[in-house]
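Visitor: Sequence:
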Amino acid sequence: KDEFRKNYKMQSCDNVLKSRYAICWEMCEVQRKYFDRIGVNNKTIFVYLNNGRGECHTFSVFNMNNYWYWFEASWERKKGIHKFNSLNEILDFYRDNFEDFAKFGYNKEDIVFYEYDKALAGCSCEDFYKHCLSGKLIQ
Numbered sequence: 011k012d013e014f015r016k017n018y019k020m021q022s023c024d025n026v027l028k029s030r031y032a033i034c035w036e037m038c039e040v041q042r043k044y045f046d047r048i049g050v051n052n053k054t055i056f057v058y059l060n061n062g063r064g065e066c067h068t069f070s071v072f073n074m075n076n077y078w079y080w081f082e083a084s085w086e087r088k089k090g091i092h093k094f095n096s097l098n099e100i101l102d103f104y105r106d107n108f109e110d111f112a113k114f115g116y117n118k119e120d121i122v123f124y125e126y127d128k129a130l131a132g133c134s135c136e137d138f139y140k141h142c143l144s145g146k147l148i149q
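So the sequence shown is residues 11 to 149, counted in the working numbering.
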């Protein structure tokens with residue numbers, strides 16, 4: 011994990027499509043590019059466990075026909091498109107199911123969500139975290 015954080019550089023969308031390999035952050039950028047191209051209102055969300063260990067995840071949501079959809083491509087046990095009545099329902103779902111990322115348990119109150127803008131290809135793990143944590147805090 012430390013080696014990953016030290017050496018990680020975010021791929022461009024084109025590289026992800028060529029390599030067919032991506033982590034959640036890169037998948038969100040591919041999804042953002044697709045949704046923007048077809049004109050679908052979408053957001054990318056950074057979920058962060060604020061407990062000093064740094065567990066996190068990113069995911070995409072979109073709004074269509076008065077419903078919110080969670081588009082998940084990298085969380086193996088939750089892959090798919092999931093329909094919710096509101097963005098808050100999606101966030102509550104995450105609060106209740108974050109154990110897949112929190113290897114040593116977690117307190118729901120430690121989970122924070124940020125909506126973030128497009129991240130730059132080539133950024134480091136540390137730069138990506140800073141980028142997301144400077145985004146819009148979702149209460």
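Hints were generated in silico from the structure; no laboratory data involved. Careful: at least some of the hints might be erroneous.
Below 16 Å or equal to it, Euclidean Cα-Cα: the simulated EDC-like pairs (lysine to aspartate or glutamate) are [what the hints assert, rightly or not]:
id, residue 1, residue 2
1, LYS53, ASP24
2, LYS16, ASP110
3, LYS118, ASP46
4, LYS16, GLU125
5, LYS53, GLU125
6, LYS19, GLU125
7, LYS53, ASP110
8, LYS146, ASP127
9, LYS118, ASP137
10, LYS28, GLU13
11, LYS118, GLU99
12, LYS19, ASP110
13, LYS88, GLU119
14, LYS88, ASP102
15, LYS43, ASP102
16, LYS93, GLU109
17, LYS128, ASP12
18, LYS140, ASP24
19, LYS88, ASP120
20, LYS118, GLU136
Visitor: All hints, please: hold or fail.
Guide: Here is how each hint holds up against the structure:
1. LYS53 x ASP24: violated (20 Å)
2. LYS16 x ASP110: violated (23 Å)
3. LYS118 x ASP46: Violated - the C-alpha atoms of ASP46 and LYS118 are around 32 Å apart, more than 16 Å.
4. LYS16 x GLU125: violated (24 Å)
5. LYS53 x GLU125: Status holds; Cα separation ~7 Å.
6. LYS19 x GLU125: The hint is violated at about 21 Å.
7. LYS53 x ASP110: violated (22 Å)
8. LYS146 x ASP127: holds (9 Å)
9. LYS118 x ASP137: It is violated: about 26 Å lies between the C-alpha atoms, which goes past 16 Å.
10. LYS28 x GLU13: violated (24 Å)
11. LYS118 x GLU99: holds (14 Å)
12. LYS19 x ASP110: violated (24 Å)
13. LYS88 x GLU119: violated (22 Å)
14. LYS88 x ASP102: Between LYS88 and ASP102 the Cα gap is close to 15 Å, so the pair holds against 16 Å.
15. LYS43 x ASP102: Answer violated: LYS43 to ASP102 is near 26 Å, above 16 Å.
16. LYS93 x GLU109: violated (21 Å)
17. LYS128 x ASP12: Violated, at about 25 Å.
18. LYS140 x ASP24: violated (23 Å)
19. LYS88 x ASP120: violated (21 Å)
20. LYS118 x GLU136: Distance ~24 Å between LYS118 and GLU136 Cα, so the pair is violated.
Going through the hint list in order, the structure does not satisfy hints 1, 2, 3, 4, 6, 7, 9, 10, 12, 13, 15, 16, 17, 18, 19, 20.
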